[in-house]
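*Asks:* Each chain, written out:
2 protein chains.
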Amino acid sequence: MKKILILLCCLLPILTFAQEDEDAFKIREIYDISLTQGDAYETLEHLCTKVGGRLSGSPGAAAAVDYGKAKFETMGFDSVWLQPCMVPHWERGDKEVVKIVASQTIGTQGLNAVALGGTGSSGKVGVAGEVIEVKGIEELKALGAAKVRGKVVFYNRPMDPLQVSTFAAYGGAVDQRVYGPAAAMELGAVATLVRSMTTKLDDVPHSGVTYFEDRSKAIPAVAISTKDAEMLSALLEKEPVRVYVKTDCQWMPDKLSYNVVGEIKGSRFPDEIILVGGHLDSWDLNQGAHDDGAGCTQALDVINTFNKLNIKPQRTLRCVWFMNEENGQEGAKAYANWSNDRGEKHIAAIESDRGGFTPRGFTTEADEKVYKTHIKKAKEWDKLLSPYGIVIKPSGGSGADVTRLKPQMGLLFGLQPDSQRYFDYHHAPNDNFEAVNKRELELGAAAMSSLVYLLDKYGM
Amino acid sequence: MKKILILLCCLLPILTFAQEDEDAFKIREIYDISLTQGDAYETLEHLCTKVGGRLSGSPGAAAAVDYGKAKFETMGFDSVWLQPCMVPHWERGDKEVVKIVASQTIGTQGLNAVALGGTGSSGKVGVAGEVIEVKGIEELKALGAAKVRGKVVFYNRPMDPLQVSTFAAYGGAVDQRVYGPAAAMELGAVATLVRSMTTKLDDVPHSGVTYFEDRSKAIPAVAISTKDAEMLSALLEKEPVRVYVKTDCQWMPDKLSYNVVGEIKGSRFPDEIILVGGHLDSWDLNQGAHDDGAGCTQALDVINTFNKLNIKPQRTLRCVWFMNEENGQEGAKAYANWSNDRGEKHIAAIESDRGGFTPRGFTTEADEKVYKTHIKKAKEWDKLLSPYGIVIKPSGGSGADVTRLKPQMGLLFGLQPDSQRYFDYHHAPNDNFEAVNKRELELGAAAMSSLVYLLDKYGM
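Chains as they are written, first to last, in our numbering: chain A, 125 to 584; chain B, 125 to 584.
Please note: incorrect hints may appear among the correct ones.
Unchecked claim - Simulated coverage check for chain B against chain A, where a stretch passes if three residues somewhere in it have a Cβ under 8 Å from a Cβ of chain A:
| no. | stretch |
| --- | --- |
| 1 | 277 to 290 |
| 2 | 557 to 564 |
What the hints assert, rightly or not - Below, simulated BS3-like cross-link-like pairs (lysine-lysine); rule was C-alpha separation at most 25 Å, straight line:
| no. | chain 1 | residue 1 | chain 2 | residue 2 |
| --- | --- | --- | --- | --- |
| 3 | B | Lys507 | A | Lys503 |
| 4 | B | Lys219 | B | Lys174 |
| 5 | B | Lys517 | A | Lys507 |
| 6 | A | Lys507 | B | Lys496 |
| 7 | A | Lys379 | A | Lys501 |
| 8 | A | Lys389 | A | Lys507 |
| 9 | A | Lys517 | B | Lys503 |
| 10 | A | Lys500 | A | Lys517 |
| 11 | A | Lys496 | A | Lys581 |
| 12 | B | Lys500 | A | Lys507 |
| 13 | B | Lys351 | A | Lys174 |
| 14 | B | Lys517 | A | Lys503 |
| 15 | A | Lys517 | B | Lys507 |
| 16 | B | Lys150 | B | Lys500 |
| 17 | B | Lys507 | A | Lys500 |
| 18 | B | Lys174 | A | Lys507 |
| 19 | B | Lys193 | B | Lys362 |
| 20 | B | Lys517 | A | Lys517 |
| 21 | A | Lys517 | A | Lys581 |
| 22 | B | Lys362 | B | Lys259 |
| 23 | B | Lys174 | A | Lys351 |
| 24 | B | Lys259 | B | Lys193 |
| 25 | B | Lys457 | B | Lys436 |
| 26 | B | Lys517 | B | Lys503 |
| 27 | B | Lys507 | A | Lys496 |
| 28 | B | Lys457 | B | Lys493 |
| 29 | B | Lys503 | A | Lys503 |
| 30 | A | Lys507 | B | Lys503 |
| 31 | A | Lys223 | A | Lys389 |
| 32 | B | Lys341 | B | Lys248 |
| 33 | A | Lys259 | A | Lys223 |
| 34 | A | Lys271 | A | Lys174 |
What the hints assert, rightly or not - Just a sample of chain B residues kept apart from chain A, beta carbon distances all over 12 Å, derived:
| no. | residue |
| --- | --- |
| 35 | Ala252 |
| 36 | Lys265 |
| 37 | Ala269 |
| 38 | Lys432 |
| 39 | Leu433 |
| 40 | Lys501 |
Treat the hints as calculated values from the structure; they're not laboratory data. It should be emphasised that the depicted structure is a prediction, and the values quoted were computed from it without experimental measurement. The C-beta atom is built at its ideal place from N, Cα and C for all residues, glycine as well.
Chain A with its partners taken away, still in its complex shape:
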């Protein structure tokens, strides 16, 4: 018995090394497939150039669902279905008009602007008012209603360029866009301008969601380009400035839409689910290439790669293209509710929703009861992934569409690409297919496939 034990102790490291070699080999194969036979780029091209903008409730979103279902049905899933959800339906209407009116210094001049999602209409004649510039909501509230009433509020706190992660910089500035217009409305402002959420100084305006508790009271709220924000701010140093804003936006009744779901039943542990996904909806003014066509097509490429390598998952593998991440997350809610109701267990879920740039790793989150154990296990895989520049990070969250699965006690991941260029395109008219680099996209897909391979093999 003792001899057997000694033998086992000697063999164990060898077996472990053999296992590691096998995994290293498989991951190399996964990268080979992604970089030479991946279909993320081609799928993205279709989604961007044939379907285009996919704002929840729009004909584009409906076409994207149709395309998604048809595409999924070619991928060899055991089952493909559409999961219904009621989504908010906001329409931009006619192109926004935003201009400085009769300035003593520069006369009348248009600004590069787009209405924020959720914005109200100005009515056909538009609204005008004197501009007051603030650096944030607290500063505005301190001014009080007497000074704000009838004015156009201009939020102009830049994203902090000192943050190495642009997402951290975004997190420190985006409250102005999300809650600033409603705060201005409460104090009697007639419209709101928000400096675009980007570190880049250019003429490109960046949209995104803004919230009004009572939609019927929503005032016009537009993002202006960073260059125009700088110019307006400089002009305000010299003279009072009046701005005219015309928006044609409106809220329509909620609309029926869908998540697109594909499933391969696990051969050994069908009750343990691994999810890969991104969100299918985008804003209306671009092709939603980085946000988040990239994530959708990378997630689906996991299936392509498994097919090509003839990997039959032991655990149930689901790919989900979520609807309505941008302005409500109704798809994510519908999925989580449905899954919870069925008593499902997602042992892991991976979302890609930070752009199709060179991947650096995965951020993570989990219920605190299980986080330490899970992360310890996942960190073991760093040695297999780090040759590809991929590291599992013990923090940083997952993704808006999968975070609701946390109560199922799995480990949730967010693909983390290089962040420097993301906010050059985010919610802006230039987030189009051309902005995505094929290899960068494919390396992200390969990282996701590799992680799914390990999760499927070893569980969580």
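Starting from the known structure of chain A, arrange chain B on it as the hints suggest.
*Replies:* For chain B alone, coordinates are given in the frame of chain A:
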């Protein structure tokens, strides 16, 4: 005494921690300056858009030297000088004409092509011949002169897409461009086509150097775009193909040119030199933005940052914009010879010549007698640099312009940015200012400044 020793032992970690805190704070300051008051981007814009292409021996290169000297003189160096070197002078002449002639399938069709640097002239009437496709020089040699004479040799081995580092892929394919045309000439070929050195499938041809031992015998050699290479290869499966090539290139007598050098004398250790640099020359058909305007302007930004933070180097700090990296490295040779003749000691040299993309770390090299000691010391700094995504790598080389300083027994570094997009632009008409992202460039400059700060403080 024992008590003092114990006290010292207790204090040492505290002192070390205090030191580390001070360094961490200083590096944070360096990043703050680079990201908000850096001038790499502005200098690059000037170099790209006001000076433009800067091929050795050209008027552009001369203008770049003038601009460099004038710019250096505004930077507060103790001394600025031009260091002479004789450089090769090759001229492209009239635009190349490369076309498939009278194909049964597609008729006559132009190809996206550029002459390789060092290429000969076809004469005014051009040359034509039947195309033979090979995957490399060995395959060509195996064919022998009888099968090659009078033909147009087409090298079509792609860069290996499976390499995660595109530089590794480049290294595995570029012999076709550098030595392939001369090998074809030896066997009697009338011209050479080379598949462009890029992993991207597009219509952009990529130039670069090719070597003929006897320049007077140089045959026309052009790079064609990857899409055209694929198309031509497919056509060759169907039918014999003739290609016509006309080049107007010529060699002129060597020309006097210069490295631009700026120096700040070290206050405590003036004989220990730290060099930062890039190369000023580029190809003629682009603005040389990533290759290597980015490296030049990042290197100079180290001086800008030190000025803004009032850091007076203890060791002598030199910034060098090297001439003629692309086709001869005569600037690098002149600098190394001059420095060796004076018995100088470069304790470190850092070159940036892999594009202005998000930096990931520094590769290194040194004489093997000192490498282990040096790298151990440098690796200590990982903990200060890794919060910015920067790691010192114990391999990977430095840069073509600084590698000749190895006999001086210092540690040589190459800035290592993300490599995925570099070969989308390398030596191609699209390597222009717009291709560089401001933050990515600045982060590289900050990484270089941080490393120089540590090298200056602690020596090597």
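*Asks:* Work down the list of hints and note, for each, if the structure agrees.
*Replies:* Against the structure, the hints:
Three residues within the 8 Å Cβ limit are the bar, and the stretch 277 to 290 of chain B against chain A gives 4, so the coverage statement holds. Under a criterion of three residues with beta carbons nearer than 8 Å to beta carbons of chain A, the stated coverage of the stretch 557 to 564 of chain B is upheld, 4 such residues being counted. Taking the CA atoms of B:Lys507 and A:Lys503, the gap is near 19 Å; set against the 25 Å cutoff, the hint holds. Our distance criterion of 25 Å between C-alpha atoms is met by B:Lys219 and B:Lys174, whose separation comes to about 22 Å.
A threshold of 25 Å between alpha carbons decides the hint, and for B:Lys517 with A:Lys507 the separation of about 16 Å falls inside it, so the pair holds. Taking the CA atoms of A:Lys507 and B:Lys496, the gap is about 24 Å. The hint holds against a cut of 25 Å. Simply put, A:Lys379 and A:Lys501 have alpha-carbon atoms about 42 Å apart, too far for the 25 Å limit, and the pair is violated. Taking the CA atoms of A:Lys389 and A:Lys507, the gap is about 29 Å. The hint is violated against a cut of 25 Å.
Restraint check: the Cα-Cα separation between A:Lys517 and B:Lys503 comes to about 22 Å, which is no more than 25 Å; the hinted pair holds. At roughly 11 Å between alpha-carbon atoms, A:Lys500 and A:Lys517 fall within 25 Å of each other, so this suggested pair holds. The hinted pair formed by A:Lys496 and A:Lys581 meets the criterion: a straight-line CA distance of about 20 Å does not exceed 25 Å. A distance of roughly 22 Å separates the Cα atoms of B:Lys500 and A:Lys507; the hinted pair therefore holds under the 25 Å criterion.
Among the hinted pairs, B:Lys351 with A:Lys174 is consistent with the structure: their alpha-carbon atoms are about 23 Å apart, no more than 25 Å. For the proposed pair B:Lys517 and A:Lys503, the alpha carbon gap of about 22 Å is at most 25 Å, so the pair holds. Between A:Lys517 and B:Lys507 the CA atoms are separated by roughly 16 Å; this keeps the pair inside 25 Å, and the hint holds. Distance hint between B:Lys150 and B:Lys500 is fulfilled; the C-alpha atoms sit about 22 Å from each other, no more than 25 Å.
Straight-line distance between C-alpha atoms of B:Lys507 and A:Lys500 comes to about 22 Å, which keeps the hinted pair within the 25 Å bound. At roughly 47 Å between alpha-carbon atoms, B:Lys174 and A:Lys507 are farther apart than 25 Å, so this suggested pair is violated. At roughly 57 Å between alpha-carbon atoms, B:Lys193 and B:Lys362 are farther apart than 25 Å, so this suggested pair is violated. Pair hint B:Lys517 plus A:Lys517 holds up; C-alpha atoms about 21 Å apart against a cutoff of 25 Å.
At most 25 Å may separate the alpha-carbon atoms for a hinted pair to count; A:Lys517 and A:Lys581 meet this at roughly 20 Å. Proximity of B:Lys362 to B:Lys259 is assessed by CA-CA distance (about 18 Å); at most 25 Å being required, the pair is judged to hold. Among the hinted pairs, B:Lys174 with A:Lys351 is consistent with the structure: their alpha-carbon atoms are about 23 Å apart, no more than 25 Å. Of the supplied pair hints, the one linking B:Lys259 and B:Lys193 is violated, its CA atoms being roughly 45 Å apart against a limit of 25 Å.
At most 25 Å may separate the alpha-carbon atoms for a hinted pair to count; B:Lys457 and B:Lys436 exceed this at roughly 29 Å. At most 25 Å may separate the alpha-carbon atoms for a hinted pair to count; B:Lys517 and B:Lys503 meet this at roughly 8 Å. Distance check on the hinted pair: B:Lys507 and A:Lys496 sit about 24 Å apart at the alpha-carbon level, within 25 Å; holds. Note on B:Lys457 and B:Lys493: the hinted pairing holds, with a Cα-Cα distance of about 23 Å set against a maximum of 25 Å.
Proximity of B:Lys503 to A:Lys503 is assessed by CA-CA distance (about 23 Å); at most 25 Å being required, the pair is judged to hold. Distance restraint check for A:Lys507 and B:Lys503: the Cα-Cα separation of roughly 19 Å lies within the 25 Å cut-off, and the hinted pair is therefore satisfied. Between A:Lys223 and A:Lys389 the alpha-carbon distance is near 56 Å, which puts this suggested pair outside the 25 Å criterion. For the given pair, B:Lys341 sits about 16 Å from B:Lys248 by alpha-carbon distance, which is consistent with the 25 Å threshold.
Taking the CA atoms of A:Lys259 and A:Lys223, the gap is about 21 Å. The hint holds against a cut of 25 Å. Distance check on the hinted pair: A:Lys271 and A:Lys174 sit about 49 Å apart at the alpha-carbon level, beyond 25 Å; violated. With 12 Å as the threshold on Cβ separation, the claim that B:Ala252 sits away from chain A holds: the shortest Cβ distance comes to roughly 35 Å. For B:Lys265, the shortest C-beta to C-beta distance to chain A comes to about 29 Å, beyond the 12 Å cut-off, and the non-interface label holds.
Non-interface status of B:Ala269 relative to chain A is upheld: no Cβ of that chain comes within 12 Å, the nearest being about 36 Å off. Non-interface call for B:Lys432 relative to chain A: holds, since the shortest CB-CB distance, roughly 14 Å, exceeds 12 Å. With a minimum CB-CB distance of about 15 Å to chain A, B:Leu433 clears the 12 Å threshold, and the non-interface call stands. With a least CB separation of 24 Å from chain A, B:Lys501 remains clear of the 12 Å interface cut-off, as annotated.
Of the numbered hints given earlier, the model fails hints 7, 8, 18, 19, 24, 25, 31, 34; all others are met.
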